[in-house]
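Chain A is already provided as a structure; the job is to place chains B and C on it using the hints.
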Amino acid sequence: MPDSVPPLPVGELAVRFGCVLRGDPQRRVAAAAPLAGGADSIGFLANPALLESLRTTRLGAVILPPAQAADCPAATAALLHPNPHAVFARVAAILHPVAPPQPGIHPTACVHEQAQVAASAEVGPFALIEAGAVVGARCRVGAHATLGAGAALGADSRLAERVTVLAGCRIGARCLLHPGVVVGADGFGNARDGVAWVKVPQLGTVRIGDDVEIGANTTIDRGALEDTVISDGVRLDNLIQVAHNVTIGAHTAIAACVAIAGSTHIGQRCMIGGGAGFSGQLTVGDDIVIGGFAQVTHSLTTPGFYSSAMPVEQMGTWRRLLGRFKRLDALNARVRRLEAATKVRETGQEDDDD
Amino acid sequence: MPDSVPPLPVGELAVRFGCVLRGDPQRRVAAAAPLAGGADSIGFLANPALLESLRTTRLGAVILPPAQAADCPAATAALLHPNPHAVFARVAAILHPVAPPQPGIHPTACVHEQAQVAASAEVGPFALIEAGAVVGARCRVGAHATLGAGAALGADSRLAERVTVLAGCRIGARCLLHPGVVVGADGFGNARDGVAWVKVPQLGTVRIGDDVEIGANTTIDRGALEDTVISDGVRLDNLIQVAHNVTIGAHTAIAACVAIAGSTHIGQRCMIGGGAGFSGQLTVGDDIVIGGFAQVTHSLTTPGFYSSAMPVEQMGTWRRLLGRFKRLDALNARVRRLEAATKVRETGQEDDDD
Amino acid sequence: MPDSVPPLPVGELAVRFGCVLRGDPQRRVAAAAPLAGGADSIGFLANPALLESLRTTRLGAVILPPAQAADCPAATAALLHPNPHAVFARVAAILHPVAPPQPGIHPTACVHEQAQVAASAEVGPFALIEAGAVVGARCRVGAHATLGAGAALGADSRLAERVTVLAGCRIGARCLLHPGVVVGADGFGNARDGVAWVKVPQLGTVRIGDDVEIGANTTIDRGALEDTVISDGVRLDNLIQVAHNVTIGAHTAIAACVAIAGSTHIGQRCMIGGGAGFSGQLTVGDDIVIGGFAQVTHSLTTPGFYSSAMPVEQMGTWRRLLGRFKRLDALNARVRRLEAATKVRETGQEDDDD
Chain A
1 MPDSVPPLPV GELAVRFGCV LRGDPQRRVA AAAPLAGGAD SIGFLANPAL LESLRTTRLG
61 AVILPPAQAA DCPAATAALL HPNPHAVFAR VAAILHPVAP PQPGIHPTAC VHEQAQVAAS
121 AEVGPFALIE AGAVVGARCR VGAHATLGAG AALGADSRLA ERVTVLAGCR IGARCLLHPG
181 VVVGADGFGN ARDGVAWVKV PQLGTVRIGD DVEIGANTTI DRGALEDTVI SDGVRLDNLI
241 QVAHNVTIGA HTAIAACVAI AGSTHIGQRC MIGGGAGFSG QLTVGDDIVI GGFAQVTHSL
301 TTPGFYSSAM PVEQMGTWRR LLGRFKRLDA LNARVRRLEA ATKVRETGQE DDDD
Chain B
1 MPDSVPPLPV GELAVRFGCV LRGDPQRRVA AAAPLAGGAD SIGFLANPAL LESLRTTRLG
61 AVILPPAQAA DCPAATAALL HPNPHAVFAR VAAILHPVAP PQPGIHPTAC VHEQAQVAAS
121 AEVGPFALIE AGAVVGARCR VGAHATLGAG AALGADSRLA ERVTVLAGCR IGARCLLHPG
181 VVVGADGFGN ARDGVAWVKV PQLGTVRIGD DVEIGANTTI DRGALEDTVI SDGVRLDNLI
241 QVAHNVTIGA HTAIAACVAI AGSTHIGQRC MIGGGAGFSG QLTVGDDIVI GGFAQVTHSL
301 TTPGFYSSAM PVEQMGTWRR LLGRFKRLDA LNARVRRLEA ATKVRETGQE DDDD
Chain C
1 MPDSVPPLPV GELAVRFGCV LRGDPQRRVA AAAPLAGGAD SIGFLANPAL LESLRTTRLG
61 AVILPPAQAA DCPAATAALL HPNPHAVFAR VAAILHPVAP PQPGIHPTAC VHEQAQVAAS
121 AEVGPFALIE AGAVVGARCR VGAHATLGAG AALGADSRLA ERVTVLAGCR IGARCLLHPG
181 VVVGADGFGN ARDGVAWVKV PQLGTVRIGD DVEIGANTTI DRGALEDTVI SDGVRLDNLI
241 QVAHNVTIGA HTAIAACVAI AGSTHIGQRC MIGGGAGFSG QLTVGDDIVI GGFAQVTHSL
301 TTPGFYSSAM PVEQMGTWRR LLGRFKRLDA LNARVRRLEA ATKVRETGQE DDDD
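Chains as they are written, first to last, in the working numbering: chain A, 1 to 354; chain B, 1 to 354; chain C, 1 to 354.
Possibly wrong hints are sitting among the right ones.
What the hints assert, rightly or not - Computed, partial: chain C to chain A, Cβ under 7 Å:
id : residue
1  : A89
2  : A143
3  : E161
4  : P179
5  : A216
6  : N238
7  : H251
8  : A253
9  : G274
10 : L328
11 : L338
Stated by the list, open to error - For each label pair, taking beta carbons as the anchor points, the in silico distance ranges come out as:
id : chain 1 : residue 1 : chain 2 : residue 2 : range
12 : A       : K326      : C       : E52       : 38 to 48 Å
13 : B       : R319      : C       : T301      : 17 to 27 Å
14 : A       : A99       : B       : P97       : 35 to 45 Å
Derived from the structure by calculation, the hints contain no laboratory data. Being a predicted model, the structure only gives us computed values, none of them experimental. Built from N, CA and C at the ideal position, the CB exists for glycine as well.
Isolated chain A (complex conformation) (with noise of 0.2 Å):
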């Protein structure tokens, strides 16, 4: 939970974020906060849904494209930009600082002596430092959190609680890991033999660029042969499988519950729905956008919105659309036969029913 700082003019906000500002340029603002916010806040409007709630509000200052700015009320300072949400977010970094790491070590944790932790990076309780990781500068690896074995952890980086990083993986610069995630356990690599299967070592580690956030308990597997590698940028949310040899291009944004399995490679710039997955093997190009529960079980090149959601349906009608579903080639063949009786069947239609 970030921290506070002294209240700012809006008018310094609209300088540094090249906002146009209508209103009052020393009017201050101490806090983000919704559009039912108070009079000592600022809020942002991206969403015309939320129009309605514009037009009362007692915010201090909102940030809003100027295509509404006729919708704020006098009393509220408007900054007007075309991306509010973008600004909102650093107007909201501002205000709410993330606390600097405390450099030191605490004294509970376990750093091997061939590790090399940076003076700037903080070290929390119960940490565990293996042997020739490295700390960048400023980092903060949290309570329970553990670097393996020549694993690498860039300047800026923050590890949360209980984030487990295994031998050799090395994470960017500004990375964010929250609790719970683990990065670089064995792939499900298994080979049949017989009945039973032999375990295939997993020899490649995991590559993190720089700017990744990772939600919580996501898991991360190292590669079989070579590395998982999740480029510049890319945010995952929280209980997501990335499996061993997956890559993921910069500025791919995933939601939760996203299972990838291996040696899928995903574009950059996509947007990937909460719940969807991927067979393995898949390459998902640039700029593709996946709707929530959608099943991937082909390759897609062409950039766009793609979905195999099905939207739920009270259970009675359910029932009814799914015997129906299951009779089609009982209702095609009555088709064929209306077709054949009444000769209306045209030629070149063979891909049609069968």
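Chains B and C alone, transformed into the frame defined by chain A:
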């Protein structure tokens, strides 16, 4: 794993839980068991499918509905009650009580001098209690658990091993959080700015009511501006994702591997099957039952049972059905041609075929 | 990340694993590698799609099926075997051996005086071994791992970092549990009583056989009255939920993010694709293969391949298909009217259209 107690007379149990007893009130039972258990144990019948097992049981006592009394062997004491499962749950809790907390702080635990830990509470090995955190009376904080700065744990609650509760989150009384739970990690808030993502600070917390149970490795994110809220009596199973600003109403039960996207509101007394998913920004009313694997992509207000699960088929059958499904446009066109040729098409069907 | 050993002659490997060798038996390899690897390494070919990579490989040796021998460059030693993947797995394990346990208890670990830890076992930093727990010969208990009261870990097994095995659970020999695994948390047992839920004590344990591997952050709940059972040789990937009283037969392999609801029984030698789900109280026989994302809502007895995955489509296409699907009742009614008008309807079709 709960402890055990001396055997109890079934007459005492019948009185305590309002059952009609058929059999010797002095008969004693020492353990809870399935219908296949022994003469020193007590079981229950709630599922009529197990009637045959009831008829051949050798248990010392069975809790069952009055209507099934005749099927209980004479050698087995019958405790008749309209809700055998709930009575059994309470009897089992008496016969196998959870060990009480052992007041005190383990010497390896790390408790901040500005934290408040009740004298009757137990803090386990390697646990971390940060500044300003409050641990209520008779709480148990398990090994490797963390209670973050300013967080609060109500009386008689238990954080199992390796639970992480982050700064400012509040948990009510009599709660039980299983290993690996993460409460209060940052929600997935990202604003797009060009190709890159700007992190949106997550300034809310998580508020959890009384009598809540949360399963292993489940994650509950802190709110973006307001709080994520889990109401009294909610039951969450394992590996569930509760995104930022979700609210869950009292006494709702959610089975494992459910994903709930941001700002979705689920009502009271709902039951959600395993593997189901909810899109963001939805409202699901009270008393709604969602089947396993269902995909809730729109709001639901009418109480009832909803589903969209797609049952497995043998691969050949499934491929043929999928093929038919993907050619539904063509089938519709064929029916339309038949209607045109035979002039049976009725008026007012415009929305049936395009 | 495994260690390395001195280079080995391919002749020795061929003799040891029963391969026919084509090439110089004195040639030495030091590492396992993909087909794109270098002259000091050994790879394999199992997937015919990689034949082109084989033809241009510069590897020192390749393990491959006899039928592909002619496609292996003359400069590369060929080890011919009908099961190249399994042989490769064993060769890789020799070239990159897992570091043996370093016998002893780390000074920061917490081992109860009534626990039994074999002298040859390794107990890592911040590990917790509770009263009555047994750690077998040559086991490794990783950092931040917990072995609960009365729990047992068979010889040569390994709990990776941050594994939690709760009271009374038993794990066989040569098992490997990856970080974040939780074994023996309470099953999801709740009895409804009015609007509230009564917790049903979970009195069983978890029994895990020999040679079992369990992926990161997977959860296996203890049984309600009897035990949850994972048989010998089972392979579980990451983020899997195994509910109370589930049993999984020997040598079954389950990919990531699978949810198995309570009391479901899965047979031997099954293969379950990622993201699949199983309803509770089902029986799935031996030798059954379930495709990724399939929803198993009824029992299956016949060996074979089952699926219900719904492949993604472009959003416009998907919406149109969904619309057709949801109007299948209307389409059926239209076909019925056509049949009535044209008198082509055959008798005995009652179950086709309602």
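Hint check results:
Annotation: interface hint on A89/C holds; nearest CB of chain A at approximately 4 Å, less than 7 Å. Given the 7 Å rule on beta carbons, the hint for A143/C holds: about 5 Å separates it from the nearest Cβ of chain A. Checking E161/C against chain A: minimum C-beta separation of about 5 Å stays under 7 Å; hint holds. A cut of 7 Å between beta carbons decides the hint on P179/C: the least distance to chain A is about 4 Å, and the hint holds.
Interface restraint check: A216/C against chain A, minimum CB-CB distance 4 Å, threshold 7 Å, status holds. Look at N238/C: its Cβ gets to within about 4 Å of chain A, closer than 7 Å, so that hint holds up. For H251/C, the interface hint holds, the least distance from its beta-carbon to any beta-carbon of chain A being 5 Å, beneath 7 Å. A cut of 7 Å between beta carbons decides the hint on A253/C: the least distance to chain A is about 6 Å, and the hint holds.
Of the supplied interface hints, the one on G274/C holds, with its beta-carbon coming within about 5 Å of a beta-carbon of chain A, less than 7 Å. Taking 7 Å as the C-beta contact cut-off toward chain A, the hint placing L328/C at the interface holds, the least distance being around 4 Å. The closest approach between the C-beta of L338/C and any C-beta of chain A is roughly 5 Å, which is under the 7 Å cut-off, so the hint is satisfied. Under the hint 38 to 48 Å, the C-beta atoms of K326/A and E52/C, about 42 Å apart, fit the expected range.
Separation of R319/B from T301/C is about 21 Å and conforms to the stated range, judged on CB atoms against 17 to 27 Å. Range check, A99/A to P97/B: Cβ separation about 42 Å, and the 35 to 45 Å hint holds.
Hint compliance for this structure: every hint is met.
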